[in-house]
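Engineer: Please arrange chain B on chain A, whose structure you already have, making use of the hints.
Protein chains: 2
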Amino acid sequence: MSTLLQELIAKGLLIPTGVDGVYGRGGVFEDVLLRFDGYISRLAIEDKADVMRFPPLVTRENFEKSGYLKSFPHLAGPVFSFNRPPADHATLLERVQAKEPWGDMLEMTDTVLTPAACYPVYPTLAHAPLAKGGRLVDVLSYCFRHEPSIDPARMQMFRMREFIRIASAEECHAWRDQWIERAGHWLQDLGLPAESAVANDPFFGRGGKMLAANQRSQELKFELVVPIATPESPTAIMSFNYHQEHFEKTFGITQADGEVAHTACVGFGMERVTLALFKFHGLDPDKWPAGVRDRLFG
Amino acid sequence: MSTLLQELIAKGLLIPTGVDGVYGRGGVFEDVLLRFDGYISRLAIEDKADVMRFPPLVTRENFEKSGYLKSFPHLAGPVFSFNRPPADHATLLERVQAKEPWGDMLEMTDTVLTPAACYPVYPTLAHAPLAKGGRLVDVLSYCFRHEPSIDPARMQMFRMREFIRIASAEECHAWRDQWIERAGHWLQDLGLPAESAVANDPFFGRGGKMLAANQRSQELKFELVVPIATPESPTAIMSFNYHQEHFEKTFGITQADGEVAHTACVGFGMERVTLALFKFHGLDPDKWPAGVRDRLFG
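As they're listed, the protein sequences go chains A and B.
Mind the numbering: the first sequence is residues 0 to 297 in numbering that gives the first Met the number 0, read in order.
Mind the numbering: the second sequence is residues 0 to 297 in numbering that gives the first Met the number 0, read in order.
Chain A extracted, bound-state conformation (with noise of 0.2 Å):
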């Protein structure tokens, strides 16, 4: 377990339970991390984003039509259930009391638990054209991700904020852009230096390696990363990603002109970033810089 992860838990910021990467969060830490929800909601509200919530869920149909299960299919987490008849539930019964296996009696649902908090939005689009400008989306969810892990900064179940831009090719860049410029400065008003670096997503096995290097070679994911577990592998915290068309051609959403629309998104680590705050200010936010407490709880 690493250091931090152990401070977490003594101070009850972190609450483990018995799962790698799935923690209860302390009152204290939910706070900050609502605070912050908060300073991102005043950029929202000066952008005028349409607000949509979304369960942690995406339905398995659009699931599978998103290409996730080409990239990343180790990450994903379909929503099993039991649909036989009673007479077999003595059995599943007996199953799980002699600790056997039980997963082969149950059947995968219309759902798939959501890898980011923009899948079950596009879908949505699709029913007209946009309106002239294109779309400002504003969505936070529960996410996915089955990586098991240590670090702290990588839980299976984790808040993540978007704005999804939805409008042509050349606004959805340049939008992209501007907000990489935006949320360098924002973040530094926290006391967080992030900064910068050309990404890419971790793309499963040995075709991966041609995505990932295509993705970065045409520059179309951005993140700003801190040290948060270790100072040799910073943690990205924010990312901005441009996807072309890929989710417009997929879902079939036109502009206003009849055109395939672009997207692009920029996504915010809310337990990354709260990671962050504890880690450069103090597990004490009553001790917190006064400049950074007044932008968060003021």
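Because the hints were derived from the structure by calculation, they are not lab data.
From a predicted model like this one, the values you see are computed outputs, not experimental measurements.
Possibly wrong hints are sitting among the right ones.
One copy or any two copies: either way a pair holds, since identical chains are not told apart in the list.
Stated by the list, open to error - With a straight-line Cα cutoff of 27 Å, these simulated DSSO-like cross-link-like pairs (lysine-lysine) come out:
hint: 1; residue 1: K131; residue 2: K10
hint: 2; residue 1: K131; residue 2: K248
hint: 3; residue 1: K220; residue 2: K248
hint: 4; residue 1: K47; residue 2: K131
hint: 5; residue 1: K208; residue 2: K248
hint: 6; residue 1: K64; residue 2: K98
hint: 7; residue 1: K69; residue 2: K98
hint: 8; residue 1: K208; residue 2: K69
hint: 9; residue 1: K10; residue 2: K47
hint: 10; residue 1: K278; residue 2: K10
Structural biologist: Just chain B, lined up with the frame of chain A:
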């Protein structure tokens, strides 16, 4: 689809996803829900409840121990994942592409979607005897129940806030009964004429009828109900449960004197209360009665 659901969707309060019981929440719906959450928080602060927030997961080990599969196997949502060598990835994608089943290529993970906000709490209390007077814990979480329905008040994933009292049998019983009184007035202040009634959980199978009858005769569960979808079958918006020593025996939670603790909990169906507010006061919160607006938005 019910008329209420159609109206909620037409107004942008709920956003359909293509799966019954899985909806996005529009900005106005979410704002009302969060305001009601704040209205509860005033009581939590008054009562000095300890805040804990868990992601919507319970570990499989604790889920198996909890006994949920005995009573409600059909509602559970274990999380699965793809845990095979890269060579099997192509087969997975072929199956998805051909719309053939792919669930048999996955295996159970160590986590299950939590069916109630309180489930992750109990195991965390087993490390040491409770302090004198016991505990009062405040949780909020999305919960999952696999019961696809067209009733907007019966979602597959919904938020539940709960207060959990862990103490002696007498303290739990008295606390639960006081809450039934308190909640009735408190909901009437929001213009919700909720009525209390003895209730039972939807236990599975033939044996379930006996469990339900037993729960009723012992008055272990009460609900406050209001008509939402139909006047004939009102919906529970709050529930008041006395679990006796079920969870404490299961997880080994003892009082200060070494006796096994008991628990009671009070649960708020966050989406259901929000729906009830829209049902009783209309779909535009700007036009709600002044008293209700003051209490929620003031």
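Engineer: Now tell me if each hint is right for this structure.
Structural biologist: Now the hints, each set against the structure:
no.	hint	verdict
1	K131 to K10	between (51 Å within a copy, 21 Å between copies)
2	K131 to K248	within (19 Å within a copy, 61 Å between copies)
3	K220 to K248	within (19 Å within a copy, 50 Å between copies)
4	K47 to K131	within (15 Å within a copy, 51 Å between copies)
5	K208 to K248	within (24 Å within a copy, 51 Å between copies)
6	K64 to K98	between (36 Å within a copy, 11 Å between copies)
7	K69 to K98	between (33 Å within a copy, 15 Å between copies)
8	K208 to K69	within (13 Å within a copy, 46 Å between copies)
9	K10 to K47	between (38 Å within a copy, 19 Å between copies)
10	K278 to K10	within (13 Å within a copy, 44 Å between copies)
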